[in-house]
Amino acid sequence: MSRLLRLYPAAWRERYEAEFIGTLQERPVGLTGSVDIFYGAIDAHLHPELIGGAPHAWTHRLPGLMATAAGLIWSGFYLRILLAAPEEWGYGVLIAMLLMLFAVLGDYINAYLRPIALTICALLAAALLAGVQPLNVIGSGMLNFALGATASLLLSGGMLTLAALRAGVGAGVRWLLIAGGLLVPVIVAIPIMGGFGPNDPGGAPAMVVAILPYGIAWTIIGLRMTLRGSVTIHDAPITKPITEVSAT
Amino acid sequence: MPTEPLKVAFGRFGETAMWILVALTSGPMRAARLLDEVRRLDGHVGPGALFGAVARLERRGLIQPIVTGEGRPAYRLAQPLRADQVSQTEGF
Numbered sequence: 721m722s723r724l725l726r727l728y729p730a731a732w733r734e735r736y737e738a739e740f741i742g743t744l745q746e747r748p749v750g751l752t753g754s755v756d757i758f759y760g761a762i763d764a765h766l767h768p769e770l771i772g773g774a775p776h777a778w779t780h781r782l783p784g785l786m787a788t789a790a791g792l793i794w795s796g797f798y799l800r801i802l803l804a805a806p807e808e809w810g811y812g813v814l815i816a817m818l819l820m821l822f823a824v825l826g827d828y829i830n831a832y833l834r835p836i837a838l839t840i841c842a843l844l845a846a847a848l849l850a851g852v853q854p855l856n857v858i859g860s861g862m863l864n865f866a867l868g869a870t871a872s873l874l875l876s877g878g879m880l881t882l883a884a885l886r887a888g889v890g891a892g893v894r895w896l897l898i899a900g901g902l903l904v905p906v907i908v909a910i911p912i913m914g915g916f917g918p919n920d921p922g923g924a925p926a927m928v929v930a931i932l933p934y935g936i937a938w939t940i941i942g943l944r945m946t947l948r949g950s951v952t953i954h955d956a957p958i959t960k961p962i963t964e965v966s967a968t
Numbered sequence: 085m086p087t088e089p090l091k092v093a094f095g096r097f098g099e100t101a102m103w104i105l106v107a108l109t110s111g112p113m114r115a116a117r118l119l120d121e122v123r124r125l126d127g128h129v130g131p132g133a134l135f136g137a138v139a140r141l142e143r144r145g146l147i148q149p150i151v152t153g154e155g156r157p158a159y160r161l162a163q164p165l166r167a168d169q170v171s172q173t174e175g176f
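Going down the list, the sequences are from chains C and W.
My numbering numbers the first residue of the first sequence as 721 and each following residue consecutively.
My numbering numbers the first residue of the second sequence as 85 and each following residue consecutively.
No lab work stands behind these hints, which were simulated from the structure alone.
Don't take every hint at face value.
[Stated by the list, open to error] Here are some of the chain W residues that sit facing chain C, going by a computed Cβ distance under 8 Å: (1) F94; (2) P112; (3) M113; (4) A116; (5) G136.
[As the list claims (entries may be wrong)] If you want a taste of the chain W side facing chain C, the calculated C-beta under 10 Å gives, among others: (6) A93; (7) D126; (8) G127; (9) G130; (10) F135; (11) E142.
[Unchecked claim] Calculated from the model, a selection of chain C residues having no Cβ within reach of chain W, i.e. all distances over 10 Å: (12) A730; (13) R735; (14) A764; (15) I771; (16) V813; (17) L843; (18) L885; (19) V889; (20) I910; (21) I940.
Glycine included, every Cβ here is placed at the ideal spot set by N, Cα and C.
Based on the provided sequences and hints, a complete structural model is requested.
In structure tokens, the structure reads:
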């Protein structure tokens, strides 16, 4: 039960965790109590000012909401492919990618404008040189395929990492999300897409296996970013919360 | 001290917060005992709601954390309840 307390913000746990665990040991709770603790954790994230943090402006929720929407659109789009197997790509992925980009930028655009611009230009140049489109990495030759896949992986992984950093996800969970949401699915799906598996080469199931987890990872990160708050490009950068000294 | 009713100031935690204040009028209490008292006064209240209300009351300076003689954390009223605060319980 005390594992649920990990859902609370670190500052909140520092103040109340020991007392909370003591209370749970003396008064164990069931399923309803667990739900109540879960709601309490959401409330603690929504109101950091209760434990001395700076209150969030509503604009701080925007990046997280965009990331969540991107993850949901992405996941929904690939689920639709899996269930209905439509031929057309549609605009779902494009919209999701734009939302991801806007969610990731935030105050990074102020602090890291030059490296971001250089990275994007380098990736675009690599994609152009390889003659591949970012959304369709399977070119005619192996070199095209390798360059396109590498560029797509770097771009996707980089954006997911930046989003996870903005959401305050710890290093361990961050790597877990990148591995589970991107690296492992792609490694599993590439041979299938290349025609080495039992499925239709490049068919919908292989595509979904490779790409759907990425949307799920974005949804998880987006929800955390929404709860935790993350500044937009129009807000001042986040400063460390002021610790209140209270007399007892 | 807030001038607006706790029900308005604390939203869904207002009722629990009010009963915490009422319970603490009988003296300092640890969180587990406080949970029992609030449940007795208000029906089912979970620990998440209890600590949410405690954090709000503490933030507003209405209750204070203390350490009991056994070295365990507890809470007490920062100052006696005002008449208007007591009358708020009638609204619940």
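TODO: May I ask which of the numbered hints given earlier this structure violates, with the numbers listed in increasing order?
DONE: Violated: hints 1, 2, 3, 6, 7, 8, 13, 14 and 15.
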